[in-house]
Amino acid sequence: MTIGADRYGSRAGTLVFLGCVALSVAAMSVPDTWREPISRAIRQTILAPLLALQEETETLRSSRARLAAVTAERDSAILAAAFLPELRAENARLRGLLGLGSRLSVAYVPAEVLHEAGPTDPLTFLVSAGRKQGVRPLDTVVSPEGLVGVVASVDEQTSVVATWAHPEFRASAMAVDGSVYGIVAPRGSEGPGIWLLELQGVPYRNQVPDSTLIVSSGLGGVIPRGIPLGTVIGPGAEVEHWERTYLVRPAVHPASVTHVMILTGAPRSGASLKDLFQAEGKSP
Amino acid sequence: MRKSDRYRFWIVLIGLVLLHFSVRTRLGDDRIAPDFLLLALLMYTIRAAPGPSAAAGFVVGLLRDALTPASFGSAALAHTLVGYFSSWAKAVFFAENLFVNGCILFGGTWVRNLVVVLASGELKGSPLAWELLVWSPLQSLTTAAVGVVVLWTLGRWVSVRMGDA
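If you read the protein sequences in the order shown, they are chains A and B.
Numbering follows my numbering, with no gaps: position 46 of the first sequence is 41.
Numbering follows my numbering, with no gaps: position 130 of the second sequence is 163.
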């Protein structure tokens, strides 16, 4: 079954070998102008199916890689699209702040809200402006829609803002036409009512229609006059039959605020800010 | 010997050629990936007489030259030499031993690379040393390993003596 060495040493085999070597040397000596046509002819005939197979394999491999890349890009696009409404809202708020800032006649400090992931975040939150920027305790914090709260404490670079939802928040308020005065306070400290305000101490004889805009009255000298607090949505409870309370939908929800303005100076004596906010009264 | 064994041998060779153009690019660095085409040639040559082995080497080398026209002819020369002398080596050692066959596959691959590099004259100095002392031995090793696996698993299929077939 095996082939002996004597059979290997045939003259024909040696001649074939020498011939192949000679052809190889001749191929190495072929001018450059001949090499490419010869190579191309071989590639387009004998090697064509094999190169097609290699191309298909490469295509398959790159297709899998491209599929992974496209999937990653699609996921990134979906993620980006998920944040798009929030970005638009933030953009609108920033535009509103810029517009409000140009109209305000009082000194103010712009600040970014440093939200924390916690259930009490809407009651108090940090802002990125502090004593160094001229912020002082009890400064009023507003957004283009209205009152956000007041500064509770001040650090060097940050401040703590107590929002209108804080249980201890109180503000003297009035109907925008000045017909009714009262005190605005949070509706409650738990349950869904925590996100509503109450206009308290309204004399029983006074009726406040729904949709009436409630603004700060400026009494007490803490919160300037004319800052929107919210809109009346209906009567609340009657107390001892001589005063009424009204439910007020707040002008701004603390959780939706990303940038605020801290009013660091008092407005001109007697000046009301309500006209400034009314122009931006609609939520973005 | 059954006639079908001869066909099986050619099926193995064709399979190796197809693997070269389909799987090889997925096996990592091109410099160390096993050379299935050369493996097919060597499996042919260690079963065939030197003359046909030299001719087969020349054809395989010419096909490879067509893929790398810059060093046209060098692969034809290298494969001719490897085909002829591997066939002789098999006759001299005359062993149906897996280790001997593995050594022939290893040496054949390394000598092929040596001749190609020297004949083309494209590598000099440090790159030449790296090619001959690092990359070529690694490729020879992977090629020989694949060849040993093929011989071990399909030994009966590829044990056809071409001179007797």
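Be aware that one or more of the hints could be misleading.
Stated by the list, open to error - Short derived list, chain B residues pointing at chain A, Cβ under 10 Å: (1) Ala82; (2) Ser86; (3) Phe91; (4) Leu100; (5) Ala109; (6) Thr175.
No wet-lab data here; the hints were simulated from the structure.
The model shown is predicted, which means the values in this text are computed figures rather than measured ones.
We put the CB at the ideal spot given by N, CA and C, even for glycine.
Checked hints:
Annotation: Ala82 of chain B was flagged as interfacial toward chain A, and the flag holds, the nearest CB pair being 6 Å apart, inside 10 Å. At its closest, the beta carbon of Ser86 of chain B sits 8 Å from a beta carbon of chain A; the interface hint therefore holds under the 10 Å criterion. Proximity of Phe91 of chain B to chain A holds as hinted, the smallest CB-CB distance being about 4 Å (cut-off 10 Å). The interface hint given for Leu100 of chain B holds, since its Cβ lies 7 Å from the closest Cβ of chain A, which is under the 10 Å cut-off.
For the restraint placing Ala109 of chain B at the interface with chain A, the shortest Cβ-Cβ distance is roughly 4 Å, inside the 10 Å limit, so the hint holds. Nearest Cβ of chain A to the Cβ of Thr175 of chain B: about 19 Å, over the 10 Å cut. The hint is violated.
Consistency note: the structure conflicts with earlier hint 6 alone.
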